[in-house]
Amino acid sequence: MDSEEKGAARPGKSFRLAMPKGLLGLRAKMALGFGLLTALVVCLVSLATSFGIPFTSDLGSYGRQRSEILGQLGLVADLKKECLLLWLEERTGDAQVLSQSEAAVAFVKHLRETVRADANGAVTGDSLHRMLLEDETYRAVMRRLQGIVKSYAVYQTIQIADAERGVIIASTNVSDLGTPVAQTRPFTSAMKLNNRVAIDVERSPETGIPCLVMSRTIADTEIQDSARATAIGVLIMRIDADQFLKPLLYTGGGLGISGEIVLATQDLNILISLKYPLRDGTEAKPPEYQIDTELAVLAAGGHNGIVVSKDYRNERVLAAYRHIRVTDDLGWGMIVKIDEAEVFGPIRKNLRNALFIGFVGIIGAMILGVLIADRISGPIRRLSITARDVEAGNLQARAAVAGSDEVGNLASVFNSMVERVENWHRQLEEQVNARTAELSELNKELQAKNAELERFTYTVSHDIKSPLITIRGFLGYLETDMHSGNTERMKEDLGRISNAVDRIRLLLDDLLELSRIGRIVNNPEEVDLGLLAHEAAEMLAARIAQCGARVEISDDLPVARGDRSRLREVFENLLDNAIKFGGEGPAVKIGARCQGDETVIYVSDNGAGIDARYHEKIFGLFERLDQETEGAGVGLAIVKRIIETHGGRIWVESEGRDKGSTFCFTLPRGGVPSANKENSYGQGKSLDPAH
Amino acid sequence: MDKENLLILLIEDKPDHTELVIRAFQDHRVPNRIVHLPDGGAALDYLFRRGESADPDTCPGPHLILLDLRLPKIDGLEVLREIKESGDLRRIPVVVLTTSEAQADMGAAYSRYVNSYLVKPVDFDEFGQLMNDLGLYWLGWNRKPGCDPAGAGV
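Residue numbers (the working numbering), protein chains in the order written: chain A, 1 to 691; chain B, 692 to 845.
Below 30 Å or equal to it, Euclidean Cα-Cα: the simulated DSBU-like pairs (lysine-lysine) are: (1) K246(A) / K285(A); (2) K580(A) / K465(A); (3) K285(A) / K310(A); (4) K192(A) / K109(A); (5) K81(A) / K275(A); (6) K465(A) / K705(B); (7) K580(A) / K705(B); (8) K705(B) / K659(A); (9) K275(A) / K246(A); (10) K705(B) / K449(A); (11) K617(A) / K444(A); (12) K192(A) / K285(A); (13) K775(B) / K465(A); (14) K617(A) / K465(A); (15) K246(A) / K81(A); (16) K310(A) / K349(A); (17) K617(A) / K659(A); (18) K617(A) / K775(B); (19) K705(B) / K617(A); (20) K285(A) / K150(A); (21) K705(B) / K491(A); (22) K617(A) / K589(A); (23) K285(A) / K275(A); (24) K705(B) / K775(B).
Stretch by stretch, here's where chain B covers chain A in the computed footprint (C-beta under 8 Å, at least three residues): (25) 472 to 478; (26) 493 to 500.
Just so you know, these hints were derived from the structure itself, not from any lab.
Quick reminder that beta carbons are idealized off the backbone N, C-alpha and C, glycines included.
Same shape as in the complex, but just chain A (with noise of 0.2 Å):
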């Protein structure tokens, strides 16, 4: 039974360890498949939005952008180029004219003399431009330059050099009168140039700006053969870069926050200053900083094109960069640029918030999946907790039945498999209560038996030997007063001979009658007590009258089903008692009282009384409180035989010496019951002397 036990709890061991384990993976399956499978989602719909389809012309947000803005840069490179080759034009057609216009030719011939007869090149400034005041010519021209500037509104200076000496001779700064400007570059370079218009850039001397300084030669009208010896005086204007070019490069907001066109000579001189610092984190001045960036350098190379690149902050940039001819000899680079991070801004933000979007999702798909797998493996946990509290012993545990699907259909074919379960067990553990009480009792009853039988072959061995010895001893005195003719005592001895067999016959008799009682069935029926006990009465009516006894029936003794001879036996014993040892005049009493929920028949005299020390032991076999009353002592023990048989209890009530005794005892109900009975009186046959 035991081995068997073991065997059985180990696969269940195995199962307890196994279960858990798995429903976990469940889980944890769940949640990262759902996960992973939304970020992957996710991923691909974003990228592939934001890079495109791969082997597919679809260019992808990135890819779209990205032409588009280096389109429209190109564009307005374009645009810009043109605009700003159609201003120079201008302004080198005012030099031209300017500087081909008779009044200049004649004021620079007239005033170089004038000049340099008066001043010789000792007054400068104010005093000398005083001192050409009085001076028709100069007057004239100093009056048309001063109109240019202020008409046009374009030019900054406007200066007009000698050539010869490379001294100013007229300007509309009067302070710069008598400056010698021959070592400076646009006077170099008009008179290197010849007839045709320099631009350079420079910083004003005066201001510190950059200055774009256009500057031609302002020739002899008369002597126009030799280029060089004609050149009487050269032409400078100088127009404020950032002032002129700037408003003329702006593009109103069409290149974005970052947008930026740079301009930068030739030589990679910036023409206007930069928008942002340098990468040292110093603004860069023009015309002095030279830009080196690779777009620059292409440009200004004289090439064109749109590309993505990094500009002098070292930032992605996307750009257009153009070449821009300026004159013959010179050309400018011109950069169009926007930065990548405002181009790609809002892709970049859309596509962190795909990804955040994906990322919120992973997590939010995590905690569904731990939801469908909790949902899915919670019912199955739950059965194999109920599952393991059932193989611990609990046979009341029971899985919680949710809904109808495959799960809840498992718990609750479960549950009533735990029901059959509980229900076999359930009966099982009554049967072998049922069994274990009825061997409990039958054992009760065996000691009892034995107990009884053990005192029974004492009784033999001791209450007849007694009568044996007595027969022998006295046989023995009867045959020495034979020989001696003692025939007095011999008829006493012989008396006492007698007497002795009786009581051997006596006891044989109860023994038979005690044996009986266990055996004989009679029918039970339904007994009138309080007729019994008038036959009872009218049984031993010769006794009663011979002792003048007096008793007392009352008529409120029940029906009690049972043995009626038995339950006759029982009053003549009782009242036969309560006469024998009534003393004298008995009045002996039989009645009833109700107890608890039982009714107590009793039997009461007005005899000597039982010490409370034998109220037991007269009940007793072959217990004799006197010596001297007849009877074997078997009595009370056939009446506590009867009363048991039938279910019921009997004792004595007593108060004491020569209070009278009163014997009581009880009947069930419902008469003797049928398993009882049987088994009374099969048991009683053990008793039986025979046996």
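Take the given structure of chain A and dock chain B to it, following the hints.
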């Protein structure tokens, strides 16, 4: 031996057996006085000098107690226990004389310090022989405490 002074207390409920014992002692001329008491209660009253037995002159202390076991009212074993628990009475030899051969009775008697356990023989001659030997042994050969050996013969 001052045999007249020796007293046997016979505690026996059956009159026939009492008669047999007394006759056997007489037949074998065991010189003694026998006091017979029919039940355990009377025996204890006598020994502890209670009630009617209070007078030491009419109820002298016995030299030997013959005790039956199956006694009405107070059982022989109970009488034995009370005797052996009493400081004065426990010196008196107690001989159980019974029909019972039950091991339980024998064990109980010896547990209560009985001095001898004798089973009444059914045979007439054996009964007489036992009574003779009993008287000879306990009242003749057996020495009693507090008795001067020199004075025993006076």
